[in-house]
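Engineer: Chains A and B supply the protein sequences, listed in that same order.
Numbering-wise, the first sequence is residues 1 to 435 according to the working numbering.
Numbering-wise, the second sequence is residues 1 to 435 according to the working numbering.
Hints in this document: simulated from the structure, not taken from any laboratory.
Hints may be right or wrong, so weigh each one.
Heads up, the list lumps identical chains together, so a pair's fine if it works in one copy or across two of them.
As the list claims (entries may be wrong) - Cut-off 27 Å, straight-line C-alpha distance, at most; resulting in silico cross-link-like pairs (DSSO-like, lysine-lysine): (1) 120 / 108; (2) 390 / 46; (3) 340 / 120.
2 protein chains.
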Amino acid sequence: MSLSFHSNKESLYLQVYDHYKNLIMEHRLPAGSRMPSLRKCAAELKLSRTTIENAYLQLAADGYIIARAQSGYYVTDIAAQDPVSPVSRHSNLPPVKYDFASNGVDHKSFRFDLWQRYLKSALRQSERLLSYGEPQGEADLRQVLADYIRQRRNVNCSADDIVIGAGMQSLLNILCPLIRGKKTVSFPNASFVQGSTIFADYGFDVRYRNKDSDVIYVSPAHMTKWGEIMPVSRRMELVHHASENGSLIIEDDYENEFVYFQRPTPSLFNLAGGHGVVYIGSFSRLLLPSIRLSFMVLPPSLSRQYAAVAERYSQTASKVEQIALCQFIRDGHLTSQTKKLKKLYAQKLKELKNVVQNIFGENCTIQTGAAGTSLALTVPYTRTGLELKKEARMNGLSILILEESADTITLLLSCSSIATDEFEPACRLLKSNLI
Amino acid sequence: MSLSFHSNKESLYLQVYDHYKNLIMEHRLPAGSRMPSLRKCAAELKLSRTTIENAYLQLAADGYIIARAQSGYYVTDIAAQDPVSPVSRHSNLPPVKYDFASNGVDHKSFRFDLWQRYLKSALRQSERLLSYGEPQGEADLRQVLADYIRQRRNVNCSADDIVIGAGMQSLLNILCPLIRGKKTVSFPNASFVQGSTIFADYGFDVRYRNKDSDVIYVSPAHMTKWGEIMPVSRRMELVHHASENGSLIIEDDYENEFVYFQRPTPSLFNLAGGHGVVYIGSFSRLLLPSIRLSFMVLPPSLSRQYAAVAERYSQTASKVEQIALCQFIRDGHLTSQTKKLKKLYAQKLKELKNVVQNIFGENCTIQTGAAGTSLALTVPYTRTGLELKKEARMNGLSILILEESADTITLLLSCSSIATDEFEPACRLLKSNLI
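Please put together the full structure from these sequences, using the hints given.
Structural biologist: What follows is the structure in structure tokens.
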């Protein structure tokens with residue numbers, strides 16, 4: 001193979017990724033063809049197996065290839081899809097009737113009238129809206145957030161250590177330049193493309209499940225897509241190992257609010273005594289996904305470094321939404337919304353499990369964790385996942401495929417965007433597509 | 001001097017910058033002391049004069065040192081200021097009565113009731129708000145923006161080539177990784193820290209007024225702070241030179257709406273036929289600075305590259321504000337708001353010039369351009385600019401110092417945030433501080 005991969009800023013696995021992506025998109029590796037085995041590919045390209053594996057995991061995460069257990073990786077038909085904007089691409093598809101793939105919030109759970117009232121009241125602060133916001137985020141919201149996470153998550157910090165941004169990526173765009181001495185970052189798996197992309201953009205070498213990386217990114221309440229959480233013993237281990245190694249932990253506290261079947265586990269930030277851990281929180285699963293508002297808590301050393309450059313980064317989050325959220329939390333609505341959603345999702349997930357069990361019977365395997373809004377369903381199936389996904393979509397079903405083998409398929413079913421009384425028709429429709 | 005500067009990812013000038021910043025903040029270079037001359041410093045550190053100059057310009061832009069014409073650079077008293085958050089830092093100061101330093105909008109020009117109506121109507125689209133927004137920005141807003149800039153700025157593009165983001169920095173965070181083959185970027189001067197910071201974060205070598213850089217960042221309608229605009233002949237030259245060199249132009253169309261005394265000049269994007277130019281627009285000077293909404297138009301080659309990675313970057317701008325702005329523009333309010341502000345600022349700037357002329361008399365020099373909301377005022381003054389700034393602030397005046405010499409000082413006076421009938425008391429108060 002006449003290829004040369006350079007060990008420059010762009011990490012090797014991304015070069016391998018790009019190489020195969022191009023072959024796939026140019027139809028030189030046609031849909032359905034089997035990818036070379038990791039060993040064979042590593043030998044051919046004179047690269048390590050880990051590098052090839054990372055590239056394959058990324059290709060799979062981005063939909064170019066798909067893993068089939070005990071068989072290897074296969075090219076999907078992504079290249080046959082029209083490469084224009086998402087809107088026009090899907091324009092001839094019927095509307096989605098049942099969305100099992102959603103990571104939105106329950107349609108009926110959000111009180112738009114309430115949020116609208118807070119936005120209206122924020123808009124009345126006209127003098128305040130005539131100027132740019134504080135680069136770090138509005139001071140009153142930061143204070144409210146500091147109080148909130150102290151009470152709810154035992155995260156002790158000052159409002160000065162909190163940085164607000166329009167989503168987790170905006171925060172990483174501030175954090176990555178602060179920690180530019182570090183070179184490697186580890187993620188639990190390849191599925192969190194939004195996170196790994198930003199680190200790769202700043203020249204970090206992205207790895208998976210590598211405890212000795214300079215930066216370790218974890219979501220302890222969301223270890224698997226079906227809601228497994230990291231036990232306290234492993235949290236302690238991780239904190240100790242990182243502290244000995246001098247690694248920085250980034251704790252993305254995603255979905256910690258939806259831990260149902262046990263007490264919420266302590267945050268890594270708390271276990272580490274506030275040192276060596278950046279804590280990230282967001283509200284997309286609690287309020288509206290369309291409200292772009294996340295925050296990070298910096299440990300003292302990074303907080304000082306940030307203060308020196310803070311004025312160089314403009315705030316990205318909407319000031320109106322910051323002011324509204326501040327008062328919304330002060331008035332206790334975030335706490336009650338969290339309580340309501342937690343109860344609702346626990347019930348819905350239990351009910352969904354019952355319905356799935358009834359409809360799919362003995363032949364299915366259901367995996368659930370202690371948290372989250374989804375379960376994993378494995379059923380017998382002999383065609384490809386891609387065929388299933390397309391057929392289901394044509395019938396108004398949106399589904400997410402986790403894994404497939406020669407005779408089974410594993411789907412992730414989210415309960416958040418389907419009403420409880422629609423679980424049964426939704427699952428029956430799904431079953432009819434699986435025959 | 002026992003220093004070593006490494007030519008690594010972090011550009012040399014930033015290392016020099018950090019070196020002096022630390023000396024200043026640790027009081028080892030006390031306030032008022034003169035910085036070594038460029039030549040002397042370059043010789044001592046064995047670096048080029050340009051590198052030292054870039055470092056000094058950045059130090060000046062960030063307030064660590066200040067230039068005095070024909071004399072050199074002097075350390076400010078920045079280290080004496082309390083390094084905590086902006087709020088607590090200024091908490092013992094009186095409120096600002098007259099803000100000459102503002103880049104906000106005129107207090108009375110913005111119709112909050114109107115904007116509130118559009119936000120309310122956007123909030124009614126509840127189904128749409130329950131999901132994440134399109135990574136590239138809402139499709140209907142992109143279409144409206146494409147139509148708007150075609151009509152107003154003769155920028156011809158498709159909605160597919162437009163990327164929306166929460167401010168210019170969010171857009172650069174997407175653009176910089178797309179153009180990672182390029183190594184150097186040129187800015188017109190050191191004052192636009194928000195722009196140069198992002199490029200430096202991605203390892204670009206930041207230069208000033210360097211036509212041969214790989215990337216050339218310009219704001220043609222805002223060449224100086226007092227509103228000088230780039231003439232068409234220079235625009236043509238720049239486009240030709242960049243095209244021959246293979247440089248990418250980033251055209252930040254900041255304040256193009258406020259070109260008063262001549263017809264608006266054609267955009268570089270238009271002059272270049274849509275190739276080799278990224279066009280950036282924003283609404284902070286037209287609507288509210290607190291609305292974080294900017295957009296960029298990518299030329300065809302970059303647009304294709306972006307499409308391949310679009311799904312990896314989450315949208316940063318508020319979906320509610322995107323929906324509201326879309327309808328606001330459709331209903332013609334952006335056009336009428338622009339017209340109204342243009343007329344208002346032209347009148348205010350003329351009136352401010354008259355008032356300044358009357359109050360400061362023959363001893364002053366006033367510089368104005370063909371655009372913008374500010375004028376530059378040079379008056380006799382023998383103390384330091386820092387003293388003036390502090391004294392003025394204690395008297396409720398916020399001012400911006402552009403330059404100082406042994407016996408004169410140049411201030412930038414913005415008309416946007418002071419009411420016309422307050423120009424006279426504001427200027428009298430300013431004059432009393434200058435004596």
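Engineer: To test your reading of the hints: which numbers does this structure violate?
Structural biologist: 2
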